[in-house]
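2 protein chains.
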Amino acid sequence: MALIVQKFGGSSVRDDERIFNVARIITETRKKGNDVVAVVSAQGDTTDDLEAAAARINPNASKREMDMLLSAGEQMSAALLAMAIESLGYPVVSLLGWQVGVKTDSNYRNARIKSISSERINAELARKNIVIVAGFQGINKYDDISTLGRGGSDTSAVALAAALRADKCQIYTDVDGVYTADPRIVKGAKKLEEITYDEMLELATLGAQVLQNRSVEMGKKYGIPIEVLSSLEDKPGTIVKEVVKVEKMLIRGVARDNDVSRLSIIGIKDTPGMAFKIFSALARKRVNVDIILQSVGRDGTKDITFTVPKSQSKDAIEVLHEMLPSLNAMNVICDDHVSKVSIVGAGMETHPGVASKMFEALYEADINIQMISTSEIKISVLIDMDDADKAVQVVHDAFIK
Amino acid sequence: MALIVQKFGGSSVRDDERIFNVARIITETRKKGNDVVAVVSAQGDTTDDLEAAAARINPNASKREMDMLLSAGEQMSAALLAMAIESLGYPVVSLLGWQVGVKTDSNYRNARIKSISSERINAELARKNIVIVAGFQGINKYDDISTLGRGGSDTSAVALAAALRADKCQIYTDVDGVYTADPRIVKGAKKLEEITYDEMLELATLGAQVLQNRSVEMGKKYGIPIEVLSSLEDKPGTIVKEVVKVEKMLIRGVARDNDVSRLSIIGIKDTPGMAFKIFSALARKRVNVDIILQSVGRDGTKDITFTVPKSQSKDAIEVLHEMLPSLNAMNVICDDHVSKVSIVGAGMETHPGVASKMFEALYEADINIQMISTSEIKISVLIDMDDADKAVQVVHDAFIK
Chain W
1 MALIVQKFGG SSVRDDERIF NVARIITETR KKGNDVVAVV SAQGDTTDDL
51 EAAAARINPN ASKREMDMLL SAGEQMSAAL LAMAIESLGY PVVSLLGWQV
101 GVKTDSNYRN ARIKSISSER INAELARKNI VIVAGFQGIN KYDDISTLGR
151 GGSDTSAVAL AAALRADKCQ IYTDVDGVYT ADPRIVKGAK KLEEITYDEM
201 LELATLGAQV LQNRSVEMGK KYGIPIEVLS SLEDKPGTIV KEVVKVEKML
251 IRGVARDNDV SRLSIIGIKD TPGMAFKIFS ALARKRVNVD IILQSVGRDG
301 TKDITFTVPK SQSKDAIEVL HEMLPSLNAM NVICDDHVSK VSIVGAGMET
351 HPGVASKMFE ALYEADINIQ MISTSEIKIS VLIDMDDADK AVQVVHDAFI
401 K
Chain D
1 MALIVQKFGG SSVRDDERIF NVARIITETR KKGNDVVAVV SAQGDTTDDL
51 EAAAARINPN ASKREMDMLL SAGEQMSAAL LAMAIESLGY PVVSLLGWQV
101 GVKTDSNYRN ARIKSISSER INAELARKNI VIVAGFQGIN KYDDISTLGR
151 GGSDTSAVAL AAALRADKCQ IYTDVDGVYT ADPRIVKGAK KLEEITYDEM
201 LELATLGAQV LQNRSVEMGK KYGIPIEVLS SLEDKPGTIV KEVVKVEKML
251 IRGVARDNDV SRLSIIGIKD TPGMAFKIFS ALARKRVNVD IILQSVGRDG
301 TKDITFTVPK SQSKDAIEVL HEMLPSLNAM NVICDDHVSK VSIVGAGMET
351 HPGVASKMFE ALYEADINIQ MISTSEIKIS VLIDMDDADK AVQVVHDAFI
401 K
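Going down the list, the protein sequences come from chains W and D.
Under the working numbering, the first residue of the first sequence carries the number 1, and numbering increases by one thereafter.
Under the working numbering, the first residue of the second sequence carries the number 1, and numbering increases by one thereafter.
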């Protein structure tokens with residue numbers, strides 16, 4: 001008998017029919033002799049609806065009260081799922097973050113799990129109950145409700161799997177696994193059987209949006225294999241783990257990220273310490289800077305270009321405008337019409353020629369590269385947003401047959 | 001500086017505008033230098049909507065999971081109300097049953113409060129926060145969420161007022177106080193300045209539906225004066241307390257209750273123990289019997305007639321039909337088309353002639369009395385439902401000028 005943690009996202013429980021579908025997946029797992037702990041997100045658009053209700057009342061509501069409001073979404077879906085399981089004749093109990101003892105820091109709306117107590121869940125499992133846990137929520141040291149950020153239920157599930165020493169953590173979603181590229185956009189995109197935590201992290205960061213990053217980090221930290229699979233089709237998904245079998249495939253996936261703005265500061269005086277000044281000021285404003293490019297100095301000035309998430313470009317521009325005089329710089333330019341296209345694969349660091357193969361594919365498609373960034377397991381390029389779909393397709397074609 | 005507990009029902013917070021109206025009542029109270037703890041119900045139809053959602057999934061859902069589901073309603077309204085108060089510029093914090101330490105028994109959906117810990121609320125008040133408490137909910141000894149039954153937020157409020165030794169408990173609702181009769185039906189109905197706990201209990205039981213009974217019982221037990229007043233008009237309401245000033249008014253109110261069925265068992269063998277047999281069987285089925293009438297024995301048989309709530313008449317008839325042979329009885333007759341009309345007043349026990357005055361009024365209006373029941377502070381009659389409105393009016397006219 002194994003202990004399996006299963007997670008079901010909002011679209012998997014969006015209506016009565018889907019709730020019963022999930023109830024059947026859980027009870028089938030149970031019928032095979034397993035203990036099951038199921039983590040559930042809020043139904044369909046509930047979280048969006050609650051956010052809209054809050055915005056009508058007070059667009060600047062405190063994050064503490066937002067978490068009090070939003071966490072009700074998972075409470076409702078957990079109770080309804082438990083009721084569906086009851087109606088199938090299985091003993092079940094739903095539990096909230098505070099009942100499970102999911103302790104987090106006090107960073108409301110984006111809290112991190114610090115610890116989980118296994119006591120209550122183990123007691124319920126000993127009573128032969130299926131356990132439904134409201135995802136996305138925990139409590140901080142003040143006994144106040146905190147939420148884990150968008151996709152936080154993934155992290156709830158992996159953290160529970162670690163705390164309970166579960167044999168498996170299955171993340172059910174509306175896609176049937178991790179693909180080499182978004183199958184809605186790229187012809188020939190292939191489902192991966194396996195992928196490493198590091199590759200998955202790069203893909204998630206790059207906009208693949210399959211798993212919340214923290215859940216993958218936690219899986220890596222505690223060595224919990226995470227299976228991503230469909231709640232609508234009964235077939236194997238993709239397993240995220242530490243080491244995967246060697247495949248011919250050189251790269252694991254091609255990702256596109258449109259949530260990016262390119263900022264340039266033009267005509268900075270070419271003296272030491274300018275980059276430090278700029279990026280420490282942005283860090284103080286909590287702006288996440290990604291790719292950075294610095295031009296070679298010329299006429300005593302240089303330009304610095306970098307990318308930030310679209311949502312932070314306004315903040316960044318504000319900071320930079322204030323700094324212009326102290327930088328002796330001329331201007332700040334912002335371009336929102338860009339995309340980042342990346343290839344990810346743990347194998348590429350030992351295979352020379354991956355980058356040039358990517359650039360060649362883009363060149364042949366007549367796509368101009370604005371910026372380049374590389375790490376051990378990924379290569380990213382910044383291009384015009386209009387070229388992004390084509391870029392993903394030609395790069396995918398070049399690497400994945 | 002006083003500590004005031006205020007309670008706002010579902011209709012008082014049913015939309016954004018009403019939420020801000022309540023936020024203003026609370027902050028006005030605060031501005032006068034008072035500490036405020038506000039108990040809030042779920043918005044408008046939220047509880048009904050959640051019950052309907054549950055019924056679609058599983059009409060026989062466990063009461064534990066129902067409470068898990070329903071308690072989310074008060075959580076959402078508490079958070080939204082706190083956000084509205086934040087936007088008015090006041091420090092505020094919303095708290096749930098478990099955070100406040102509202103401990104109840106394990107009778108899900110109809111739990112009774114056993115204790116409330118004042119620690120967290122007092123700490124928040126010391127920090128100068130307005131405290132919003134989600135009504136209707138508590139937790140039992142298993143740390144599971146329980147709810148207090150319809151109107152349970154009234155009881156939450158009075159229990160909190162007792163635990164915090166509040167100076168005042170105000171129940172805001174959509175009527176502006178307790179009337180001598182339902183003002184929508186009875187011409188000349190008057191708002192009462194004051195009423196005793198006992199009178200209020202009789203009126204609530206009799207269908208006046210202003211306060212949950214348990215909240216009045218708790219107010220009586222701990223000596224908490226309860227003020228019933230309108231959230232829509234700024235004027236004094238009705239104060240429920242132990243002793244009220246003597247008024248000319250002999251009776252405090254006339255109430256009508258349509259939620260009543262009359263059952264008769266005909267031709268019971270006239271031997272001892274028959275009534276015991278019948279009513280102990282009904283008690284085992286948890287049927288609430290109200291007025292009982294036993295005919296004088298004749299031809300060796302007698303009839304027993306009694307009233308029950310309409311919702312329990314089916315259960316009662318089932319029990320009685322099973323018993324017919326052992327009672328040697330002939331038949332069970334049920335009449336759902338009846339109403340109970342009652343007058344209530346602590347003064348009546350020392351004033352002879354109250355009953356006859358009531359009967360005279362009914363006689364002059366040509367209304368037939370089917371059954372009569374009396375206690376120290378009330379007289380009830382059962383009549384045809386078609387006569388009920390007229391009966392309330394003529395009895396009211398006879399006593400209240």
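If you are wondering where the hints come from, they were derived from the structure by calculation, not from laboratory data.
Heads up, some of the hints might be wrong.
One copy or any two copies: either way a pair holds, since identical chains are not told apart in the list.
As the list claims (entries may be wrong) - Computed list of lysine-lysine pairs in DSS-like fashion (alpha-carbon distance at most 30 Å, straight line):
1) K32 x K277
2) K141 x K285
3) K302 x K285
4) K277 x K241
5) K141 x K114
6) K114 x K190
7) K190 x K285
8) K401 x K63
We went through each hint and held it up to the structure:
no.	hint	in the structure
1	K32 x K277	neither (60 Å within a copy, 50 Å between copies)
2	K141 x K285	within (26 Å within a copy, 46 Å between copies)
3	K302 x K285	within (24 Å within a copy, 88 Å between copies)
4	K277 x K241	neither (40 Å within a copy, 69 Å between copies)
5	K141 x K114	both (10 Å within a copy, 26 Å between copies)
6	K114 x K190	neither (36 Å within a copy, 60 Å between copies)
7	K190 x K285	neither (40 Å within a copy, 63 Å between copies)
8	K401 x K63	neither (47 Å within a copy, 56 Å between copies)
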